[in-house]
Amino acid sequence: MAMKKSFKGLFYTPYILWLAMFVIAPVALIIYYSFFDIHHQFTLSNYRVFFESGTYLTMTANSVLYAFLITVISILISYPMALVISKLKHRDLWILLVILPTWINLLLKAYAFIGLLSRDGLVNNLFEFFGIPAQQMLFTDTSFILVAAYIQIPFMILPIYNSMTDISDSYIRASSDLGATKWQTLTKIIIPMTMPGIKSGIQIVFIPSLSLFMLSRLIGGNKIITLGTAVEEHFLTTMNWGMGSTIGVVLIISMVVVMLFTNTKRKGRRS
Amino acid sequence: MKKFVITIITILVLCAGLGYGSHELTKSTGDSGSKVLNLYNWGDYIDPTLLTKFQKETGYHVNVETFDSNEAMYTKIKQGGTSYDLTVPSDYMVQKMKADHMLIPLDKSKLTGMQNYGSSFMNKSFDPGNRYSIPYFWGTLGIIYNDQDVKPGSLEHWNQLWRPRYKDGIMLIDSARDIMGFSLISLGKSVNTTKTANLLAARNKLNRLSPNVKAVVADEIKMYMAEGEAPVAVDWSGEASEMMSQNSHLHYVVPTEGSNMWFDNLVIPKTAKHFKAIYAFLNFMNKPENAAQNAKYIGYSTPNNQALKLLPKSVRNDKQFYPPQKVLDRLQVYRNLSPTKVQQYNDLYLEFKMHH
Chain A
1 MAMKKSFKGL
11 FYTPYILWLA
21 MFVIAPVALI
31 IYYSFFDIHH
41 QFTLSNYRVF
51 FESGTYLTMT
61 ANSVLYAFLI
71 TVISILISYP
81 MALVISKLKH
91 RDLWILLVIL
101 PTWINLLLKA
111 YAFIGLLSRD
121 GLVNNLFEFF
131 GIPAQQMLFT
141 DTSFILVAAY
151 IQIPFMILPI
161 YNSMTDISDS
171 YIRASSDLGA
181 TKWQTLTKII
191 IPMTMPGIKS
201 GIQIVFIPSL
211 SLFMLSRLIG
221 GNKIITLGTA
231 VEEHFLTTMN
241 WGMGSTIGVV
251 LIISMVVVML
261 FTNTKRKGRR
271 S
Chain B
1 MKKFVITIIT
11 ILVLCAGLGY
21 GSHELTKSTG
31 DSGSKVLNLY
41 NWGDYIDPTL
51 LTKFQKETGY
61 HVNVETFDSN
71 EAMYTKIKQG
81 GTSYDLTVPS
91 DYMVQKMKAD
101 HMLIPLDKSK
111 LTGMQNYGSS
121 FMNKSFDPGN
131 RYSIPYFWGT
141 LGIIYNDQDV
151 KPGSLEHWNQ
161 LWRPRYKDGI
171 MLIDSARDIM
181 GFSLISLGKS
191 VNTTKTANLL
201 AARNKLNRLS
211 PNVKAVVADE
221 IKMYMAEGEA
231 PVAVDWSGEA
241 SEMMSQNSHL
251 HYVVPTEGSN
261 MWFDNLVIPK
271 TAKHFKAIYA
281 FLNFMNKPEN
291 AAQNAKYIGY
301 STPNNQALKL
311 LPKSVRNDKQ
321 FYPPQKVLDR
331 LQVYRNLSPT
341 KVQQYNDLYL
351 EFKMHH
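Line by line, the protein sequences give chains A and B.
So that you can map any letter, position 115 of the first sequence is 115 in full-length UniProt numbering, and since no number is skipped, the others follow by simple counting.
So that you can map any letter, position 197 of the second sequence is 197 in full-length UniProt numbering, and since no number is skipped, the others follow by simple counting.
Treat the hints with caution; some may be incorrect.
[Said to hold, decoys possible] List time: in silico EDC-like cross-link candidates among lysine to aspartate or glutamate, alpha-carbon distance up to 16 Å:
| id | chain 1 | residue 1 | chain 2 | residue 2 |
| --- | --- | --- | --- | --- |
| 1 | A | K109 | B | D107 |
| 2 | B | K273 | B | D107 |
| 3 | B | K287 | B | D44 |
| 4 | B | K167 | B | D149 |
| 5 | B | K326 | B | E220 |
| 6 | A | K223 | B | E351 |
| 7 | B | K276 | B | E57 |
| 8 | B | K319 | B | E156 |
| 9 | B | K341 | A | D166 |
| 10 | A | K223 | B | D168 |
[Claimed, not checked] Sample of chain A residues with no beta-carbon within 10 Å of chain B, all distances over it, derived:
| id | residue |
| --- | --- |
| 11 | P14 |
| 12 | I31 |
| 13 | F68 |
| 14 | I75 |
| 15 | P80 |
| 16 | I99 |
| 17 | N105 |
| 18 | R119 |
| 19 | F139 |
| 20 | I172 |
| 21 | K188 |
| 22 | I190 |
| 23 | A230 |
| 24 | T238 |
Simulated from the structure, these hints should not be mistaken for laboratory data.
A virtual CB, placed ideally from N, CA and C, is assigned to each residue, including glycine.
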């Protein structure tokens with residue numbers, strides 16, 4: 001028995017090492033750096049600056065607003081899609097096709113969208129074909145939100161799809177046997193039972209959407225400034241790691257808040 | 001379980017094989033040995049045929065590693081663990097590295113061909129007497145316009161950017177110092193001002209420009225301008241020359257009231273080891289024929305006046321990239337600012353970007 005126990009400990013070691021090196025240490029460092037100003041003096045001024053400056057607060061509000069919109073749009077697209085795919089015959093193949101774009105680098109996808117949305121791009125060519133005058137699409141809020149939602153959709157579909165395939169057919173059959181309409185089955189059975197999937201989708205999508213600095217520059221033309229833009233600037237241009245870390249801490253705290261709001265109590269959900 | 005173990009072993013063997021392979025590949029270009037020179041340069045910023053020519057002439061093999069921003073280069077050299085012999089910081093970064101004791105002074109007695117450089121490009125405020133640096137390329141900040149939308153000659157001053165006719169038509173390069181800089185120049189102030197009142201005025205003036213600003217982008221600006229996405233852009237001369245080689249409708253202007261003049265310079269960082277190779281390389285690059293070949297390849301303006309004479313007439317007389325003396329006299333070089341002021345420039349610039 002004793003040997004078995006030490007063997008078990010051996011299996012835990014990589015996990016604990018991983019946690020310590022790549023989760024706890026970086027977060028601790030970010031918190032540590034956030035207490036230093038550009039002159040390497042210990043101070044709380046970074047936090048004071050953050051919460052007193054209109055710039056950072058507006059930026060935070062902007063980030064939350066855009067992340068919220070991106071998340072809502074990706075749910076609206078992903079949910080019906082996951083529902084349809086889970087009913088298909090070769091659903092594993094279809095879900096693979098949905099995941100496929102995540103194998104392509106984010107930057108490449110962004111450049112592809114530049115090609116589509118630019119003044120002489122494919123979309124405008126189509127518009128002209130149908131007699132609609134060319135539109136300015138790049139560097140607008142709409143295109144930024146749509147491209148961001150496109151990039152996040154696979155991460156939203158997967159958990160929802162998984163929770164849908166977990167639902168046993170007998171529930172659906174039981175509800176129709178008991179006289180529920182299709183709509184009632186959807187709202188009373190399927191949506192409540194896929195809630196954990198939706199919640200983990202929100203967790204995966206909302207947080208990265210707070211700081212999409214690459215997209216806000218490439219597609220948004222820096223007309224939309226989110227916290228990510230400020231983090232990039234503080235680490236790369238002004239070398240003010242303290243302020244950059246402070247924003248990082250704010251992002252981490254907002255992540256914790258989102259986690260708390262979308263926390264799923266697994267107890268008693270399934271026997 | 002057996003299958004799992006086999007999979008793991010296969011992956012490990014593959015990794016070991018790949019690791020060995022990449023080690024073998026990098027060994028030939030590693031920094032070991034004495035007949036080498038480690039050059040830390042911007043990406044694609046030297047004609048590769050010059051490196052082979054240098055090796056043929058002197059026997060020194062040049063290892064090139066690249067960076068994409070002054071700050072990244074600074075951080076990497078400061079952190080140590082590198083053995084770069086030469087690097088290429090811009091003007092203000094030379095000053096910063098000098099102040100942080102990261103540079104080794106040049107031994108002038110070992111240098112030849114220094115008289116080839118034009119007096120307008122030497123003895124600048126960031127390095128008086130060129131004790132630490134030799135200019136590599138120089139350039140300006142200016143306005144690029146597309147002659148399909150803008151009449152040539154109608155856009156020659158910074159203040160004209162504020163005209164309502166350029167509504168939603170201007171792209172700016174995403175650089176705090178440069179954008180604040182041209183706003184300061186348009187107000188008749190120095191690009192190195194540290195007066196808060198001047199900086200606030202510059203931001204307020206930029207805020208009034210925002211209806212005209214289509215986007216604030218980085219490197220992509222070249223692609224956008226070449227594709228005609230916007231009629232006007234504010235960018236550096238080096239980037240402008242790349243855009244113009246892709247789209248003949250584009251033109252570059254340096255406003256006559258003044259602008260920024262930037263320099264990229266060869267310097268010896270504290271990490272240097274191969275001094276014979278360093279001086280051989282510096283003297284090699286000082287030679288007019290080599291500097292001219294490099295300028296032809298890169299397309300930036302060379303500070304080597306003897307090299308300039310070897311370039312085709314169309315390049316030599318191009319006022320866009322080799323402006324006349326009276327414009328040269330009005331150009332200002334960035335000075336390194338204190339961290340607090342750098343932060344202030346960037347904060348105000350961020351406020352401008354957030355202004356709608």
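Now for the hints, and whether the structure bears them out:
1. Proximity of K109 (chain A) to D107 (chain B) is assessed by CA-CA distance (about 50 Å); at most 16 Å being required, the pair is judged violated.
2. For the suggested pair K273 (chain B) and D107 (chain B), the alpha carbons sit about 15 Å apart, so the restraint of at most 16 Å is met.
3. Restraint check for K287 (chain B) and D44 (chain B): not satisfied, since their Cα atoms lie roughly 20 Å apart, outside the 16 Å limit.
4. With a CA separation close to 12 Å, the supplied pair K167 (chain B) and D149 (chain B) stays within the 16 Å bound.
5. Restraint check for K326 (chain B) and E220 (chain B): the C-alpha separation of about 32 Å exceeds 16 Å, so the hint is violated.
6. Restraint check: the Cα-Cα separation between K223 (chain A) and E351 (chain B) comes to about 11 Å, which is no more than 16 Å; the hinted pair holds.
7. Distance check on the hinted pair: K276 (chain B) and E57 (chain B) sit about 14 Å apart at the alpha-carbon level, within 16 Å; holds.
8. Straight-line distance between C-alpha atoms of K319 (chain B) and E156 (chain B) comes to about 13 Å, which keeps the hinted pair within the 16 Å bound.
9. Taken as a hint, the K341 (chain B) and D166 (chain A) pair is broken in the structure, with Cα atoms around 58 Å apart against an allowance of 16 Å.
10. Of the supplied pair hints, the one linking K223 (chain A) and D168 (chain B) holds, its CA atoms being roughly 12 Å apart against a limit of 16 Å.
11. With a minimum CB-CB distance of about 13 Å to chain B, P14 (chain A) clears the 10 Å threshold, and the non-interface call stands.
12. No Cβ of chain B comes within 10 Å of the Cβ of I31 (chain A); the nearest lies about 21 Å off, and the non-interface call holds.
13. Every CB of chain B is more than 10 Å from the CB of F68 (chain A) (nearest about 19 Å), matching its label as outside the interface.
14. Here I75 (chain A) stays apart from chain B, with its beta-carbon at least about 28 Å from theirs, past the 10 Å limit.
15. Against the 10 Å criterion, P80 (chain A) stays outside the reach of chain B, whose nearest CB is about 34 Å from its own CB.
16. Annotated as non-interface, I99 (chain A) keeps its C-beta farther than 10 Å from every C-beta of chain B; the closest such distance is 22 Å.
17. Every Cβ of chain B is farther than 10 Å from the Cβ of N105 (chain A); the closest lies at roughly 15 Å, confirming the non-interface assignment.
18. Interface exclusion of R119 (chain A) from chain B breaks down, the closest Cβ pair being 5 Å apart, not more than 10 Å.
19. A cut-off of 10 Å between C-beta atoms contradicts the statement that F139 (chain A) is not in contact with chain B; the least separation is 5 Å.
20. With a minimum CB-CB distance of about 36 Å to chain B, I172 (chain A) clears the 10 Å threshold, and the non-interface call stands.
21. Here K188 (chain A) stays apart from chain B, with its beta-carbon at least about 43 Å from theirs, past the 10 Å limit.
22. Listed as outside the interface, I190 (chain A) is consistent with that label: its C-beta sits roughly 36 Å from the nearest C-beta of chain B, beyond the 10 Å cut-off.
23. Annotated as non-interface, A230 (chain A) brings its C-beta within 10 Å of a C-beta of chain B; the closest such distance is 7 Å.
24. A cut-off of 10 Å between C-beta atoms contradicts the statement that T238 (chain A) is not in contact with chain B; the least separation is 5 Å.
Hint compliance for this structure: hints 1, 3, 5, 9, 18, 19, 23 and 24 are broken, all remaining hints hold.
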